[in-house]
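Line by line, the protein sequences give chains D and V.
Numbers 1 to 69, taken from the numbering used here, label the letters of the first sequence in order.
Numbers 70 to 227, taken from the numbering used here, label the letters of the second sequence in order.
Simulated from the structure, these hints should not be mistaken for laboratory data.
There's no promise every hint is true.
Unchecked claim - What follows is a set of in silico ranges between Cβ atoms, one per label pair, in the way DEER data are often shown:
1. Lys-10/D with Asn-152/V: 38 to 48 Å
2. Glu-7/D with Val-168/V: 35 to 45 Å
3. Gln-53/D with Val-168/V: 48 to 58 Å
Stated by the list, open to error - With a straight-line cut-off of 25 Å between C-alpha atoms, the simulated BS3-like cross-links for lysine-lysine are:
4. Lys-181/V with Lys-85/V
5. Lys-72/V with Lys-181/V
6. Lys-162/V with Lys-22/D
7. Lys-37/D with Lys-72/V
8. Lys-72/V with Lys-22/D
9. Lys-159/V with Lys-143/V
10. Lys-35/D with Lys-10/D
11. Lys-162/V with Lys-37/D
12. Lys-72/V with Lys-55/D
13. Lys-73/V with Lys-162/V
14. Lys-85/V with Lys-22/D
15. Lys-10/D with Lys-37/D
16. Lys-159/V with Lys-72/V
17. Lys-143/V with Lys-22/D
18. Lys-37/D with Lys-79/V
19. Lys-162/V with Lys-35/D
20. Lys-85/V with Lys-72/V
For each residue, glycine too, the CB sits at the ideal point set by N, CA and C.
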Amino acid sequence: MKNRIQELRKAQHMTQADLADKLEVTRQTIISLEKGKYNASLLLAHHIATLFQLKIEDIFIFEEDKTDA
Amino acid sequence: MLKKLFATPKAGMSDKEYGDLIRYQTNFITILFITLSIFLFAASIPMYYFYGHKLGSFTSGIYGGLIGGAIGTKLASMTYLSNPQELHRKKIKEIDERVQQVRQRADALTLKILLVIAYLAFILGASYFTQYFWYLASPLILILILQPSLRWLLTKLL
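Work out the full structure, taking the sequences as your base and the hints as a guide.
This is how it looks when you write it as structure tokens:
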């Protein structure tokens, strides 16, 4: 699953540490999310969407042909 | 009481709530360890008085471990409970879902590795049906009983 977290974060002039603080996760989690190495849970995705004032589907791009672990 | 004792920190929990939970759990562990060591020590007194059995190094090690564990747990909790930034950092580490997933995977992998080692020990020990064989076989038997039982229980509960 791809996501636009990095793009949205940079647009708001936030560092990874700032975003991690706001979402109450570690900075390593933000790095993994941005790299697409980790898929956020529904709860975290909801928090991210609320923070950026967007819908979940506007941030996370689901690719149907790929199976995500 | 039990619910609070075995509660795990959850996302959305405030630092104060987390601090209270940690304080409660560490206080319980400290009291439990000290009570256990006092109880064990008290239980050993009649053995010494009537039979002259002195505390062995193993038993002394247990007392030392329990008291050391109690003091260590309390000191560690006091350190981060008195430092709000450290408490917040610790909370984030505990509630972070990725960290939890990593921890779960590591635990599952550890169990699999232990299972392989136990199988090897079981095969090697099978040629000598001594008590050592049962020492080697017991963790394997326990794992084989516990794993499906817990899986069944958790499937029902969750």
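Comparing the hints with the structure gives:
1. Lys-10/D with Asn-152/V: 38 to 48 Å: violated (32 Å)
2. Glu-7/D with Val-168/V: 35 to 45 Å: violated (25 Å)
3. Gln-53/D with Val-168/V: 48 to 58 Å: With Cβ atoms ~27 Å apart, the hint is violated.
4. Lys-181/V with Lys-85/V: Since the Cα atoms of Lys-181/V and Lys-85/V sit roughly 38 Å apart, the hinted pair is violated (cutoff 25 Å).
5. Lys-72/V with Lys-181/V: Judged against 25 Å, a Cα distance of about 30 Å means the pair is violated.
6. Lys-162/V with Lys-22/D: holds (14 Å)
7. Lys-37/D with Lys-72/V: violated (34 Å)
8. Lys-72/V with Lys-22/D: violated (29 Å)
9. Lys-159/V with Lys-143/V: holds (16 Å)
10. Lys-35/D with Lys-10/D: Given pair Lys-35/D, Lys-10/D holds - Cα atoms ~14 Å apart, limit 25 Å.
11. Lys-162/V with Lys-37/D: holds (19 Å)
12. Lys-72/V with Lys-55/D: violated (36 Å)
13. Lys-73/V with Lys-162/V: holds (20 Å)
14. Lys-85/V with Lys-22/D: Holds, at roughly 17 Å.
15. Lys-10/D with Lys-37/D: holds (19 Å)
16. Lys-159/V with Lys-72/V: holds (21 Å)
17. Lys-143/V with Lys-22/D: Between Lys-143/V and Lys-22/D the Cα gap is close to 30 Å, so the pair fails against 25 Å, i.e. violated.
18. Lys-37/D with Lys-79/V: Distance ~23 Å between Lys-37/D and Lys-79/V Cα, so the pair holds.
19. Lys-162/V with Lys-35/D: holds (20 Å)
20. Lys-85/V with Lys-72/V: holds (18 Å)
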